[in-house]
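Colleague: Taken in sequence, the protein lines are chains L and U. According to the working numbering, the stretch in the first sequence is residues 2 to 393, in order. According to the working numbering, the stretch in the second sequence is residues 2 to 393, in order.
Treat each hint with caution, since some may be false.
Listed next, with one range per pair, are the computed distances between beta-carbon atoms [stated by the list, open to error]:
id: 1; chain 1: U; residue 1: D253; chain 2: L; residue 2: D253; range: 22 to 30 Å
id: 2; chain 1: U; residue 1: L142; chain 2: L; residue 2: K76; range: 34 to 42 Å
id: 3; chain 1: L; residue 1: L115; chain 2: U; residue 2: E333; range: 54 to 62 Å
id: 4; chain 1: U; residue 1: A310; chain 2: L; residue 2: T255; range: 18 to 26 Å
id: 5; chain 1: L; residue 1: A300; chain 2: U; residue 2: P72; range: 31 to 39 Å
id: 6; chain 1: U; residue 1: G210; chain 2: L; residue 2: A300; range: 50 to 58 Å
id: 7; chain 1: L; residue 1: Y270; chain 2: U; residue 2: D253; range: 53 to 61 Å
Far from chain L, by Cβ distances over 12 Å, these chain U residues were calculated [stated by the list, open to error]:
id: 8; residue: N9
id: 9; residue: V39
id: 10; residue: N191
id: 11; residue: V230
id: 12; residue: R289
id: 13; residue: D302
id: 14; residue: R342
Worth flagging that the hints you see were computed from the coordinates, not collected in a lab. What you are looking at is a predicted structure, and each value in this text was computed from that prediction instead of being measured. Built from N, CA and C at the ideal position, the CB exists for glycine as well.
2 protein chains.
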Amino acid sequence: MNSHAADNSVGLVKPAIFRSSAPFTLQCGVTLPGFELVYETYGQLNPARSNAILICHALSGHHHAAGYHTPEDDKPGWWDSCIGPGKPIDTRRFFVVSLNNLGGCNGSTGPLSLNPSTGAFWGPDFPTVTVRDWVESQTLLANALGIRQFAAVIGGSLGGMQAMLWAMEHPERVRAAVLIATAARLSAQNIAFNEIARQAILSDPEFHGGRYREADSHPERGLSIARMVGHVTYLSGDGMHERFGRALKSGDRTGNNQVQFQVESYLQYQGRSFSRRFDANTYLLMTRALDLFDPAADAGDDLARAFAAAEARFLVIAFSSDWRFSAARSKEIVDALVAARKNVASAVIESPHGHDSFLLELPRYFDVLRTWLSRLADEVGTGTRALDAASG
Amino acid sequence: MNSHAADNSVGLVKPAIFRSSAPFTLQCGVTLPGFELVYETYGQLNPARSNAILICHALSGHHHAAGYHTPEDDKPGWWDSCIGPGKPIDTRRFFVVSLNNLGGCNGSTGPLSLNPSTGAFWGPDFPTVTVRDWVESQTLLANALGIRQFAAVIGGSLGGMQAMLWAMEHPERVRAAVLIATAARLSAQNIAFNEIARQAILSDPEFHGGRYREADSHPERGLSIARMVGHVTYLSGDGMHERFGRALKSGDRTGNNQVQFQVESYLQYQGRSFSRRFDANTYLLMTRALDLFDPAADAGDDLARAFAAAEARFLVIAFSSDWRFSAARSKEIVDALVAARKNVASAVIESPHGHDSFLLELPRYFDVLRTWLSRLADEVGTGTRALDAASG
Numbered sequence: 002m003n004s005h006a007a008d009n010s011v012g013l014v015k016p017a018i019f020r021s022s023a024p025f026t027l028q029c030g031v032t033l034p035g036f037e038l039v040y041e042t043y044g045q046l047n048p049a050r051s052n053a054i055l056i057c058h059a060l061s062g063h064h065h066a067a068g069y070h071t072p073e074d075d076k077p078g079w080w081d082s083c084i085g086p087g088k089p090i091d092t093r094r095f096f097v098v099s100l101n102n103l104g105g106c107n108g109s110t111g112p113l114s115l116n117p118s119t120g121a122f123w124g125p126d127f128p129t130v131t132v133r134d135w136v137e138s139q140t141l142l143a144n145a146l147g148i149r150q151f152a153a154v155i156g157g158s159l160g161g162m163q164a165m166l167w168a169m170e171h172p173e174r175v176r177a178a179v180l181i182a183t184a185a186r187l188s189a190q191n192i193a194f195n196e197i198a199r200q201a202i203l204s205d206p207e208f209h210g211g212r213y214r215e216a217d218s219h220p221e222r223g224l225s226i227a228r229m230v231g232h233v234t235y236l237s238g239d240g241m242h243e244r245f246g247r248a249l250k251s252g253d254r255t256g257n258n259q260v261q262f263q264v265e266s267y268l269q270y271q272g273r274s275f276s277r278r279f280d281a282n283t284y285l286l287m288t289r290a291l292d293l294f295d296p297a298a299d300a301g302d303d304l305a306r307a308f309a310a311a312e313a314r315f316l317v318i319a320f321s322s323d324w325r326f327s328a329a330r331s332k333e334i335v336d337a338l339v340a341a342r343k344n345v346a347s348a349v350i351e352s353p354h355g356h357d358s359f360l361l362e363l364p365r366y367f368d369v370l371r372t373w374l375s376r377l378a379d380e381v382g383t384g385t386r387a388l389d390a391a392s393g
Numbered sequence: 002m003n004s005h006a007a008d009n010s011v012g013l014v015k016p017a018i019f020r021s022s023a024p025f026t027l028q029c030g031v032t033l034p035g036f037e038l039v040y041e042t043y044g045q046l047n048p049a050r051s052n053a054i055l056i057c058h059a060l061s062g063h064h065h066a067a068g069y070h071t072p073e074d075d076k077p078g079w080w081d082s083c084i085g086p087g088k089p090i091d092t093r094r095f096f097v098v099s100l101n102n103l104g105g106c107n108g109s110t111g112p113l114s115l116n117p118s119t120g121a122f123w124g125p126d127f128p129t130v131t132v133r134d135w136v137e138s139q140t141l142l143a144n145a146l147g148i149r150q151f152a153a154v155i156g157g158s159l160g161g162m163q164a165m166l167w168a169m170e171h172p173e174r175v176r177a178a179v180l181i182a183t184a185a186r187l188s189a190q191n192i193a194f195n196e197i198a199r200q201a202i203l204s205d206p207e208f209h210g211g212r213y214r215e216a217d218s219h220p221e222r223g224l225s226i227a228r229m230v231g232h233v234t235y236l237s238g239d240g241m242h243e244r245f246g247r248a249l250k251s252g253d254r255t256g257n258n259q260v261q262f263q264v265e266s267y268l269q270y271q272g273r274s275f276s277r278r279f280d281a282n283t284y285l286l287m288t289r290a291l292d293l294f295d296p297a298a299d300a301g302d303d304l305a306r307a308f309a310a311a312e313a314r315f316l317v318i319a320f321s322s323d324w325r326f327s328a329a330r331s332k333e334i335v336d337a338l339v340a341a342r343k344n345v346a347s348a349v350i351e352s353p354h355g356h357d358s359f360l361l362e363l364p365r366y367f368d369v370l371r372t373w374l375s376r377l378a379d380e381v382g383t384g385t386r387a388l389d390a391a392s393g
């Protein structure tokens, strides 16, 4: 169990803001006058500045990946099980950077920010952001932190796409890339589920064409349905069966009108709770970035060619019951890396928990990560023990 | 190709109404003062009344399974490829009965009917209907048609559940049951998708708590999203990939705001067109009937025991890429039938078209159906040639 003062916790952490005041042109052609990214760091950057790891978040993630913001917090960051002293991403050896992406809703410039040219909320007018835009904005954050090369860029799902593109677009800045439960492009079925989620949001009359803040409303029901759709695709059929089966929450099978299965109640709860903490315009923007990602398309539909310039070593991890980004999608990546003569290790982890597995503490998964990253740490050198102790 | 006057078409057909004026108590405990079922028949009932086949429809189906209603119709009934002279369900040999289920929205008593005790539309007050209620109401229709025993009860998906329950509850009235792309109970994942569809409908402000007719409105957007969810589960991932891939309908991958993938446009079209022809209260009722179906639950969770009384022979058909009711679910049924020492044949048909395969004209599927039913026709005897010709 984690606790705020546990030996293997990064403890209390404070978000920081990176401000880039130079104009930043997005792939869609729109130029932002500048932007802010909120981020956190854990561990110490070594004198050679060679031990930094960048964590890229997935669809609904944010900068707060590990530790606690206040002593009263009852929940740590979203990947606290994996990041900390002695954990697979070991903060005694690595300096970990985790940010909220551009277009996000947790403090970075996005739909909830003010558009400086109008003085009003960006809202639905925030421009389309792509995975490439995220990678480029992350390079500016790295520059500001004095990191020329990351020891590793790591991400699951949409985060894995960012790690992949980092290795393709900035070969000299990535020593290693860890691609977890991801794909080189979305399938038609993936896009279909994203589109259903978007339609649920767009159809909610509280959405007000994206100007819900001005209307003092919030498309909670649409966002909730969007999350329910996502959530079902994050779990496996077998995992849901084991967890919920056909157990009833209320009513009975004769057709009592109040009948409710436990799985329904669970999904509704997940949807509602998500809709209270997330921004609808950001959800639209993030799902579209997922849809648009397709680095092979710029290389004659040849993923191996898209990887040609990469210099990183790769670790590609998939989970047996993940049907959103199945092991077959990871195999496409591994095959392309092999064809491109890159250094690649891969593992398919047995797990009944579907796509969500990448966020769970699964022994073999963490062993693979720990061992692979530990060799990397040996190479890049770490901060001194004294410094580590001081950061506790 | 079918055409109205083609030799293998049942040609022009006219729906009929069956009125049951006796009180009818549903499984939920509510008693309807009576009900109406709209149905069609194709072919001739033989003098022994032994060659009748009952077609049970799925979630969004209805009574119009074959032929045309007017010479101007550009589309035949929903299973016209399978029902007709010389087709697998051969109307030269069988007398085919196809109805719209109780609670439906195509002419049978349901939410769109008037509640005789209030004079207002039933709407959301229409009682919960179960698969058992459908089977019981179908026995009354069979009585009215003078059919003591069906040569076969046939259905796909939710229709297969009805065929299954017919064989369990009325063993002496079913000579053969054909269960296509079905399951003995829904999984937690199946229920989850149904619940997302229901939430989409319930969240639409045009739903008005189910009293949209009185409000002169229609929850078109909610129903459309519900159908989009269903539709994605009817197709296979590979099938969607082959059909749509990542082809764009508009915009480009740099993040043009107008970007739309073809699969999105297709799903939206399917959703809109469905929402114009279907009733939201019926959709809620039908999905709930699916959720509640679980004959093994009444037999100590032992499906073989649930089949104990059945006398029918069974044909169980699944499709390789169906993930809504996978071949593994059909195998559960076959295993239970074998354990119960029943006469069962089964086939898994290779098809990339997912659950939708059961509505398609696939050579091996139709061959299996045709051969199996032809032996049945030999047994039960058919109408005379002269009668057949007169029915043209």
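Colleague: If a hint holds in the structure, say so; if it does not, say that too.
Modeller: Each hint, compared with the structure:
1. Taken as a hint, the range 22 to 30 Å is violated for the pair D253/U and D253/L, whose Cβ atoms sit roughly 54 Å apart.
2. The supplied range of 34 to 42 Å is broken by L142/U and K76/L, whose beta-carbon atoms lie about 58 Å from each other.
3. At roughly 57 Å, the beta carbons of L115/L and E333/U sit within the given window of 54 to 62 Å.
4. With their beta carbons about 20 Å apart, A310/U and T255/L fall inside the hinted range of 18 to 26 Å.
5. Separated by about 55 Å at the C-beta atoms, A300/L and P72/U break the suggested range of 31 to 39 Å.
6. A C-beta distance of roughly 54 Å is found between G210/U and A300/L, which places it inside the suggested range of 50 to 58 Å.
7. Checked against the hint of 53 to 61 Å, the C-beta distance between Y270/L and D253/U comes to roughly 39 Å, which is inconsistent with it.
8. N9/U, annotated as away from the interface, keeps every beta carbon of chain L farther than 12 Å; the closest lies near 34 Å.
9. Against chain L, the non-interface label of V39/U holds: every CB pair exceeds 12 Å, the least being about 23 Å.
10. Listed as outside the interface, N191/U is inconsistent with that label: its C-beta sits roughly 9 Å from the nearest C-beta of chain L, within the 12 Å cut-off.
11. The Cβ of V230/U sits about 6 Å from the closest Cβ of chain L, inside the 12 Å cut-off, so the non-interface label is violated.
12. R289/U, annotated as away from the interface, has a beta carbon of chain L within 12 Å; the closest lies near 7 Å.
13. The Cβ of D302/U sits about 10 Å from the closest Cβ of chain L, inside the 12 Å cut-off, so the non-interface label is violated.
14. At roughly 27 Å from the closest C-beta of chain L, the C-beta of R342/U stays outside 12 Å, upholding its exclusion from the interface.
Comparing the model with each numbered hint stated earlier shows that hints 1, 2, 5, 7, 10, 11, 12 and 13 do not hold.
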